[in-house]
Structures are given as structure tokens and as C-alpha cells.
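**Q** What follows is each chain in one-letter form.
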Amino acid sequence: MHGPAQRAAPTLPPMRLLVERRFPLEMNVTLPQIRELYDSGKAERWNPHRDIDWSALQPEQYDAPVREAARRTWSRRLWMEVTGLTETPALLVRFCMETGREIDPKFFLTVRNTEEAWHIECYERLTAAFGGRLTRPADRGYESAFNRNLHRRVLDAGQHLDAYVACFAAFEDGLELELCRAWRTNASNPTIAAVLDHVIADKERHAAFGWLYLASRAPHWSQAERELIADQLTAHIRDTELKGYHCPWLAPEQAAAEAHADALSATAGLGAAARGEEEETMATYVANARHRLADMGVALPTFETNRMRAF
Amino acid sequence: MALSRDMSAQQAFEVVQTLLDAPEDRFPLTFNSDLPRIRELFHAATRNQWDPQIDVPWDQLDPDAYTEEQRYAARLYWSRRAWSEYGAISESPALQVRFGVEHRPSDMQLFFTIRSQEEARHAEVCHTMAERLGGYIEKPVQQLFEGSVATHGVRRAALSADIPLEGIIAALVCTAEEIAFDVFRHLEEITRDPVAKQVVRFIMRDESRHCAFGWYFLEAICETLTPEQKKMIEDSVVTMVEKVELNGYHSSWLAPDSPATRAEVEADRITYEAGLGSTIEEVEKPIFVGTLQRIRDQMQPLGINLPPFSHPKLGTI
Chain A
1 MHGPAQRAAP TLPPMRLLVE RRFPLEMNVT LPQIRELYDS GKAERWNPHR
51 DIDWSALQPE QYDAPVREAA RRTWSRRLWM EVTGLTETPA LLVRFCMETG
101 REIDPKFFLT VRNTEEAWHI ECYERLTAAF GGRLTRPADR GYESAFNRNL
151 HRRVLDAGQH LDAYVACFAA FEDGLELELC RAWRTNASNP TIAAVLDHVI
201 ADKERHAAFG WLYLASRAPH WSQAERELIA DQLTAHIRDT ELKGYHCPWL
251 APEQAAAEAH ADALSATAGL GAAARGEEEE TMATYVANAR HRLADMGVAL
301 PTFETNRMRA F
Chain B
1 MALSRDMSAQ QAFEVVQTLL DAPEDRFPLT FNSDLPRIRE LFHAATRNQW
51 DPQIDVPWDQ LDPDAYTEEQ RYAARLYWSR RAWSEYGAIS ESPALQVRFG
101 VEHRPSDMQL FFTIRSQEEA RHAEVCHTMA ERLGGYIEKP VQQLFEGSVA
151 THGVRRAALS ADIPLEGIIA ALVCTAEEIA FDVFRHLEEI TRDPVAKQVV
201 RFIMRDESRH CAFGWYFLEA ICETLTPEQK KMIEDSVVTM VEKVELNGYH
251 SSWLAPDSPA TRAEVEADRI TYEAGLGSTI EEVEKPIFVG TLQRIRDQMQ
301 PLGINLPPFS HPKLGTI
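Keeping their order, the protein sequence lines are chains A and B. Numbered according to the working numbering, the first sequence spans residues 1 to 311. Numbered according to the working numbering, the second sequence spans residues 1 to 317.
Derived by calculation from the structure, the hints in this document are not laboratory data. Beta carbons are placed, not taken as given, at the ideal position from N, Cα and C, and that holds for glycine. Just so you know, nobody snuck in bad clues.
Heads up, incomplete: computed chain A residues facing chain B, CB under 8 Å, no partners named:
(1) Q6
(2) P14
(3) L18
(4) R45
(5) N47
(6) W79
(7) L85
(8) V111
(9) N147
(10) R148
(11) L155
Pair ranges (Cβ atoms, derived):
(12) B:D257 with A:D295: 53 to 59 Å
(13) B:A65 with A:E44: 33 to 39 Å
(14) B:E219 with A:T234: 48 to 54 Å
(15) A:A256 with B:R47: 40 to 46 Å
Make the full structure from the sequences, and use the hints.
**A** Following this line, the structure appears as C-alpha cells:
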């Protein structure tokens, strides 16, 4: 049974929250491509319990180490996806509070969040089938990669909203999409393949939203804003991606168990990709993103790490 | 402060202590269904989605069947409804953030993802109605009326560490949404235009789940609360009724008398007489009174005792 609030003690400085000025309230379409994403999201709605053949999963066909690996792989996906349960609503609130932001992204984000909830239900069901959700990483040191406080960050008036969208709606959602495609390529289990097909269809819209929104804003950025966006993207890649948030093999010192599990899940066709495939995906995606950002006047540097080739 | 193209350098911000002032700690990730009735609401909402563009028979709406005066009044009415639904698009996610920060049962977060989407659909469909009747109006015609429709402060309260969630849910959902639901049920009975009626019906269907969420939560949580905590819930509900509902948030005839209020009430009357979706004081009054009485009756067994409420047009309820 649940009870009243369980909240950690405040240790961070007070936030700067924008004060909304609601009227005049523009509700006509001003970003038609993003409105189209909202409309297609509604039209392509699905139901995790009705539209996936869960009976085809048959976890008992895999031996115990593989089941345990799949359990860890999908638990980690769940730890990532639950970010959306606080981050997407916070982003939506920010769009509503900042004067002059368009209605189309606000509508779109409501659909995005429902889709994230459906992904969570699917991942939860997969972890349950393979032995039950793992409630935390094997190494507590890996937890900091997930505790990013994004909901607080985006609500803070000092956070530039376009820079936030660049990091977490365009770049990160685009990377997640490409990784999902790599996992899907290897997925031989029909239930997992079906889950990933739905997730990919949704994430195509999520990534498109971020990049389309940036494209609509970019012509109006000052040079200082372009540099700010580049700085925040660079920090995101160094502090999140290279810490193994999406690819645990990038952080073997704290995510070895998760990297090993992904390797086994990939071999068994349970919705993961081998390290080499993910490295290729990451390098190709960042190269493409760098080109798109350059067209907007945002210069992304080259990244070097001893875990993979420079990218 | 970083500025964007449209964000005026003068846009105000406030430095406030919020419940977000603690580092995130999502582990151990407990994701059990502790409130299965709310999880089922999420599943029911997933099954019963609708699309304002596809599922409303827009071709049956004939603006030419109405006079210029009726169309204008209805545009104003449906625009006002769109503003009200829009408010929920940012209030609903603010509450969802709070559920996560306070490690509330995951069922609540999941349900609110789709609740926010439903609020977006409501805003979209109300905006479309206004557009098809001649054009959406983007602000109250008379600025004075903004105070009655701008916001009821839920988003601010949702992020405040000092205001208990239980009070917000009791006030926003079990009170304000319950009142809204009864108004929609009443509108569904009296609205004659087939498209307006269908729109009201779709919204009402969603609102019934929104209300159920509030009561399921309150029933589950109240047995764990102290009398002092229940008193805080009472105070929140009283504030919602006295400062928001009796100030005309849902029903313009309850707003303080002014030229602005009189203009809104007149627009509602014309819309009602045209059968395009509004209602009027004479027919809505007993519904409003009945709703408040029912809310009081429903909260009393939970240990929440509401006082009498007074309003010049309603007397004492």
C-alpha cells in the first residue's frame, strides 16, 4: 500500500520559474510539419496489450543465462524510458510557460508521452517474462548516468529551451531511434520484433519533432545562441553518452554487467546489438547529426575516447 | 538569463523553492501496480482514444443554419472552452512531474500521460468548433474577464513543496473536474446541434475517467492520513470552490458582476438558445448545487468535512 509523499531533502538552490502570460492564446497551426506529427501520432495509436502477440515470446525456449541477460537488457531500457515520465511533462510545462512558444509542439508532446508510457508497459512486460524487473544497475556507480534531473533542468528559466530541444529531443531521440533500428535488425524473437517495430514508429516521430523544431528556430538564433547550443550538445555527449547511458560498453568500469547482458541478448536475437554494431551506429549517427547541425550554424567537435574510434 | 527569439526580455520569472530542489534518485525503480484501479483507467483510456479530426462528423456542422449573432456567441463560448482545456495541458503534466518526484505509484504517472493527451484533444476540438463557426478568438473580449479564466494556480501548487498533493487532487480533480463533468453531462442533454453534442459527448467520456482517478486516489490515500492532513485537504477544496468555481471559472454567471461578465453571460445565453453547446444560469444552477452537495457527501466518509458555501446567486449550499 502506498502512503503520502516520499521526497528527498532539498539540497539544490531554488529554481527560477517563468511566470506564464497566457493571453493572447495562439491555437492556430504555425508549425504544420509538427502538427502533422501530432495528427499521425493520434492516427497510428496502438495498444501494447492488444497489438502485440505476447504468446510468441516463449521465454522458456532460452536457457537461464540468456533469460537473465534479456532480463537485464530490458530492465536497463526501462530505466531509460521512465525518464520520459517526468522529462516530457516538464518539457511540456516549459513550452506552456515561455511566452510565444507555439501550440503544435505542446500538442505533440502530449502524444509523445503516451507513447513513452506504452513503451514502458512493453518493457515492463518483457522484464517480467524473463524473470522480473531489476530495480537498479549491478554497480551503484552506474546509477548516476540515469539520474540526470532533466525535469528540473528544463523547468529552470536559465535553461535555453532551444538548446534543451537540441540535446534531448533532436540529438538524443535521434540516437535512440538509430539504436532501436540496430536492435530490431538483430531481433529474431517475434514478440520483441513487434515491440521494436511499434517503438521505432513512435521514435521516428519523436526524433523528427526535435529536428523539425530546431529547423524552425535556427534562422533566428544569434551567434551566441549557436555557441551555447554547441556547448550543451558537447557536454551531453561527454557527460551522458560517453558515460554509457545508451551504450553500456562505453563505461565498462561501472556498466560491465549491462554490457555483457546486451552482448548475450544480441546473440540470442532478443533485441540488442553487438558492441561493434552499436559503435558503427553511434559514429554514423553523430556524423550525420554534425552535418545537420552545421547547416544550422552549430559546430559539433570531434569526440575522442579510448572506448571507440574518434567520432 | 538566456533569451530566445520570442521570449521577451521582460518575461517575468520568480525564484522559488520547489519540490524539485533535491537531486534525482530514481533507484530502486519500483514500478509495481500499487493502484490497480488507476492502472485500469490507463488501459481503458488507451482502448477508448478518439481523434477530433476523424471521429467528429464535421460535415454535419452547418454554420449557415445560425444567425451571425449566434455564430459569434458560439465562437466566443467554444474559444473560452478551448482556453480552459488548454490550461489543463500544462497543469496535468506538472502534477505528473510531482508524482515522479514523490515516487507515487507508477499507475498515476502512466494514467496522466494519456490524461494530458486527452486535454490536448479537448483543446483541439474546442478550437476547431470555434474555427468552423467563424474563427477562434484568442483572448477574452473584455480584459476584465481574464481573471476568471486565466488559471486556477494548480501548476504552481503542483510544484510547491508546501502544498500536499492530496489537497491538490481533492481540489482539482474531485471538485473542479467533478463540477466540469456534471456540466458536460448537462450539456450533452440540452445541446441540439449534432456536432456540438458529439464533441460534448467525447469530452464527457474522458472526463469520467479523470474524475474516477481522483476518487480512487483519495480513497486509497485517506486511510493513511492524519486529521491534520485531512484538514489541509479541506482547506484546498474550500479554496478551489470559493476562489475558482464561485468566481466563474466554469460558469460565467458565477463571476463577479461587471460589463465583462455580463457580455460573457449574454454570449452563453445566445449559444444555449441556438443549441450550440452552452447553458444558462436558470438551468445550470440546480446542477451546480447538486454537484457541490454530492462532493460534500462523497468526501465526508473519507474524513473530509466541507463547510457551507455561499454565493449571491446561489445562497448557501
